[in-house]
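There are 2 protein chains.
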Amino acid sequence: MNTLISNATVLLPDGTTKQTNIAVTGDSIVKIGAVPADWKADMIIDAHDKFAVPGFVNAHTHASMNLLRSYADDMKLMDWLQKEIWPVEAKMQDEDIYWGAMLAAVEMLRGGTTTFADMYGPNMEKVAEVVEQSGMRGVLCRGIIGVAPNGEAAFESNKKLYRDFNGAAEGRITIMFGPHAPYTCPPDFLRRVAETAREMGAEIHIHLAETKGEVEDCIKAYGKTPIALMEETGILSCGVLAAHCVHLTEDDISLMQKYHVRVAHNPGSNMKLASGIAPVPKLLAAGVCTALGTDGASSNNNLDMVEEMRLAALLHKVDTYDPLAVPAFEAVRMATEYGARAVGLQDTGKLMAGCKADITLFDMHGAAWTPRHDLVSLLVYSASANSVDTVMVNGKILMEKGELLTLDEERILYEANRCAEQLTK
Amino acid sequence: MNTLISNATVLLPDGTTKQTNIAVTGDSIVKIGAVPADWKADMIIDAHDKFAVPGFVNAHTHASMNLLRSYADDMKLMDWLQKEIWPVEAKMQDEDIYWGAMLAAVEMLRGGTTTFADMYGPNMEKVAEVVEQSGMRGVLCRGIIGVAPNGEAAFESNKKLYRDFNGAAEGRITIMFGPHAPYTCPPDFLRRVAETAREMGAEIHIHLAETKGEVEDCIKAYGKTPIALMEETGILSCGVLAAHCVHLTEDDISLMQKYHVRVAHNPGSNMKLASGIAPVPKLLAAGVCTALGTDGASSNNNLDMVEEMRLAALLHKVDTYDPLAVPAFEAVRMATEYGARAVGLQDTGKLMAGCKADITLFDMHGAAWTPRHDLVSLLVYSASANSVDTVMVNGKILMEKGELLTLDEERILYEANRCAEQLTK
Chain A
499 MNTLISNATV
509 LLPDGTTKQT
519 NIAVTGDSIV
529 KIGAVPADWK
539 ADMIIDAHDK
549 FAVPGFVNAH
559 THASMNLLRS
569 YADDMKLMDW
579 LQKEIWPVEA
589 KMQDEDIYWG
599 AMLAAVEMLR
609 GGTTTFADMY
619 GPNMEKVAEV
629 VEQSGMRGVL
639 CRGIIGVAPN
649 GEAAFESNKK
659 LYRDFNGAAE
669 GRITIMFGPH
679 APYTCPPDFL
689 RRVAETAREM
699 GAEIHIHLAE
709 TKGEVEDCIK
719 AYGKTPIALM
729 EETGILSCGV
739 LAAHCVHLTE
749 DDISLMQKYH
759 VRVAHNPGSN
769 MKLASGIAPV
779 PKLLAAGVCT
789 ALGTDGASSN
799 NNLDMVEEMR
809 LAALLHKVDT
819 YDPLAVPAFE
829 AVRMATEYGA
839 RAVGLQDTGK
849 LMAGCKADIT
859 LFDMHGAAWT
869 PRHDLVSLLV
879 YSASANSVDT
889 VMVNGKILME
899 KGELLTLDEE
909 RILYEANRCA
919 EQLTK
Chain B
499 MNTLISNATV
509 LLPDGTTKQT
519 NIAVTGDSIV
529 KIGAVPADWK
539 ADMIIDAHDK
549 FAVPGFVNAH
559 THASMNLLRS
569 YADDMKLMDW
579 LQKEIWPVEA
589 KMQDEDIYWG
599 AMLAAVEMLR
609 GGTTTFADMY
619 GPNMEKVAEV
629 VEQSGMRGVL
639 CRGIIGVAPN
649 GEAAFESNKK
659 LYRDFNGAAE
669 GRITIMFGPH
679 APYTCPPDFL
689 RRVAETAREM
699 GAEIHIHLAE
709 TKGEVEDCIK
719 AYGKTPIALM
729 EETGILSCGV
739 LAAHCVHLTE
749 DDISLMQKYH
759 VRVAHNPGSN
769 MKLASGIAPV
779 PKLLAAGVCT
789 ALGTDGASSN
799 NNLDMVEEMR
809 LAALLHKVDT
819 YDPLAVPAFE
829 AVRMATEYGA
839 RAVGLQDTGK
849 LMAGCKADIT
859 LFDMHGAAWT
869 PRHDLVSLLV
879 YSASANSVDT
889 VMVNGKILME
899 KGELLTLDEE
909 RILYEANRCA
919 EQLTK
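Protein chains in written order, with this note's numbering: chain A, 499 to 923; chain B, 499 to 923.
With the rest of the complex left out, here is chain A (with noise of 0.2 Å):
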């Protein structure tokens, strides 16, 4: 299967931009230019007015929150936590994982996110169902409370993931393992899970160093930062993603850089949850792929990848006062090229020849496309999510002209409110 993309303005991994074509052969990129005579079109997308980016990679998310969303906000962490989110998600059944799953798909989607890391459970194989329908690419794992009664069950389910789903949909599927944190998760635990991991052959995503009182704690119980145990344990020797990264040291990122640590950033969860600032400019200046997550629904509210993007352009420059932090295209690869390094995916996040076809287009009509001047710019500091027209995923249309073409989303967002009214009523 031949796809032509014609005409469209293609966002280059240089930063610079260029009208031209892309030709798609199965799921790949064969060619960004001139199409060779011998190169016949099964299918041509008119992508005159159209900016081509590489497709998102949300780097950090629980999926299924989505039905959480708006359903308790302003309030201090642990309150939100005990009071709130951990009763209501204790009542989750395999339908409530499947239509959040399914909710955040055509969010995601219709904000131009191809691929989503997340970090849920029970029932993740729901997940990757969402993953095998929608045509998505998922980085899943089993979120493991190495202290919870269920501790062991989760760390059983994760392997059975592993073995079920990786590689699964056309190698659309990743599994990783999912111990959530080193404060719920014990030492002799994540030793155990780094083991399995590395003998699996899996990577490991795992929240580390979010809060303040998280690094206090850890340095009261184990006499070392959330990093300096995740050595220790043998975690950061597997491949780890890891969410947040907040309150670091400077002895910290040397870790990470030694071990070569993917940070997935949340800008917006961070905020709104008063976690803290990370480092992000030290990071990337460090050379740690830094990519960007939206965390869960619930701690956000929203998927919306355009709108992470400028809250790390945005938050870096006010918290350092250099209106040089992340620059407008620094932060479009943190959302596409470095996010597919995070996440794992060698040949992905970047429109070039030989990388997977996983595309989005931006329609640029309308008044924050307008006027033209520097269309980076432009998608960081102006244009919205909703401006996203066309999603190609592994060479596969799944979004055209604003149509979700493998969800159906009228079902979804009526079994998403159901799911969402059951449980919290």
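Warning: the hint list may mix true and false statements.
Put simply, identical chains are the same to the list, so a pair is met inside one copy or across any two.
[What the hints assert, rightly or not] Once the Cα atoms are required to be at most 30 Å apart in a straight line, the calculated DSS-like pairs of lysine-lysine come out as: (1) K516 x K581; (2) K516 x K923; (3) K780 x K756; (4) K710 x K780; (5) K574 x K516; (6) K780 x K574; (7) K574 x K894; (8) K529 x K894; (9) K718 x K848; (10) K780 x K848; (11) K848 x K756; (12) K574 x K718.
Read the hints as simulated data drawn from the structure, not as lab findings.
Once you have looked at the hints, place chain B on chain A.
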């Protein structure tokens, strides 16, 4: 003329919501609730599944700068102004001011903004024309750089603007005086502006305490902070809309309380230009009327009040490590009720009988509004300005189901692009 907005979900002044009717007669809301038997509607808007909120008040912008959106970003403030912005602004003619402001009107109406406070020039008559033609409310002033060669001429043209346009367009236009800032208008000049404003009965719109450097320079030159200097020059006793107010002392805040200074907080601009974080929770606690503005599109880069609400709600939480800082409804009040008060409108900014009928209807269909545990939370933390469906100002419908009724959107986009190209080539 009677218009019935039927079956809307209405945001009431106390932050609760209720599914009910809004009855509008002439330019005002006459009833929220069941309509009296003898009141007959000439027109009915079916607002089922629509969220009715007070139209947003953009309390500080430079509308015509929309032509410079994406022209220059990620630069040091003085490089940005001196090398990029000012040279282009110096070339602006009547038509640039007009089409730039028209583009801003399109963007603001589409985003649910019904009133804007604008400081710019020359040729502010062209912005007044945009207010007249669009049907919006405008609180306009000529930005006066006292130290510039045209300082006196700008002052004169602000007087003329007041005489020609204050109260014009069925009362939708208010004229203020616009001395740009303490660092561009010497104290004696400010004294004369204050005197004239008082004589004519006009209020003042001014930039105050935007950057650390400005405050330091002011103290060095005059031995006082910008706020204290404004007391001495008589500016504070005119009634002041003060943009930014980022760097304030406790004494400044006391003065602002005493003189009922109204603040236009511009979180997007302050973040992008790395100006700093205004002490908004302190201002609100002190009872200082604190509204929201977008600033101009070249330092934001859009005129999206939903985004400013979100930024205000998020930024002050992370800045103060308090997840209860600027709760969602407080952000909405900043963008509506406090905004109206800040720009000097006493009877707008709330949905209640007796208030002007400035009403924005959001379409709640779609993932960002699903599920609906809390509509105010959804508005501030999840939804986007793109879900604005219908906008009424002064009892007249300006946008209906996404279609602008008073503006020729396609022509405006075309002319704005043309002017922007000409200006920057």
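Hint check results:
Only between protomers do K516 and K581 lie at most 30 Å apart by alpha-carbon distance; the minimum there is 26 Å, versus 52 Å within a single protomer. With identical chains, the CA atoms of K516 and K923 are at most 30 Å apart between copies only, with a shortest distance of 19 Å across copies and 53 Å within one. For a Cα distance limit of 30 Å, the shortest separation of K780 from K756 inside one copy, 15 Å, qualifies, whereas the shortest one across copies, 43 Å, does not. Taking the shortest alpha-carbon separations for K710 and K780, both the intra-copy value of 18 Å and the inter-copy value of 23 Å come in at or below 30 Å.
In the homo-oligomer, the alpha carbons of K574 and K516 lie at most 30 Å apart only across protomers (28 Å), although the nearest pairing inside one protomer, at 48 Å, exceeds that limit. Proximity of K780 and K574 under a CA criterion of 30 Å is satisfied in both settings, with 29 Å inside one chain copy and 19 Å between copies. Taking the closest pair of Cα atoms, K574 and K894 never come within 30 Å of each other, the shortest separation being 43 Å inside a single copy and 43 Å across copies. For a Cα distance limit of 30 Å, the shortest separation of K529 from K894 inside one copy, 16 Å, qualifies, whereas the shortest one across copies, 52 Å, does not.
For a Cα distance limit of 30 Å, the shortest separation of K718 from K848 qualifies neither inside one copy, at 43 Å, nor across copies, at 51 Å. When the C-alpha separation of K780 and K848 is checked against a cutoff of 30 Å, the pair qualifies only within one copy, where the shortest distance is 24 Å, while the shortest distance between copies is 45 Å. In this assembly of identical chains, the alpha carbons of K848 and K756 lie at most 30 Å apart only when taken from the same copy (25 Å versus 56 Å across copies). With identical chains, the CA atoms of K574 and K718 are at most 30 Å apart within one copy only, with a shortest distance of 23 Å there and 42 Å across copies.
Checked against the numbered hints above, the structure violates hints 7 and 9; every other hint is satisfied.
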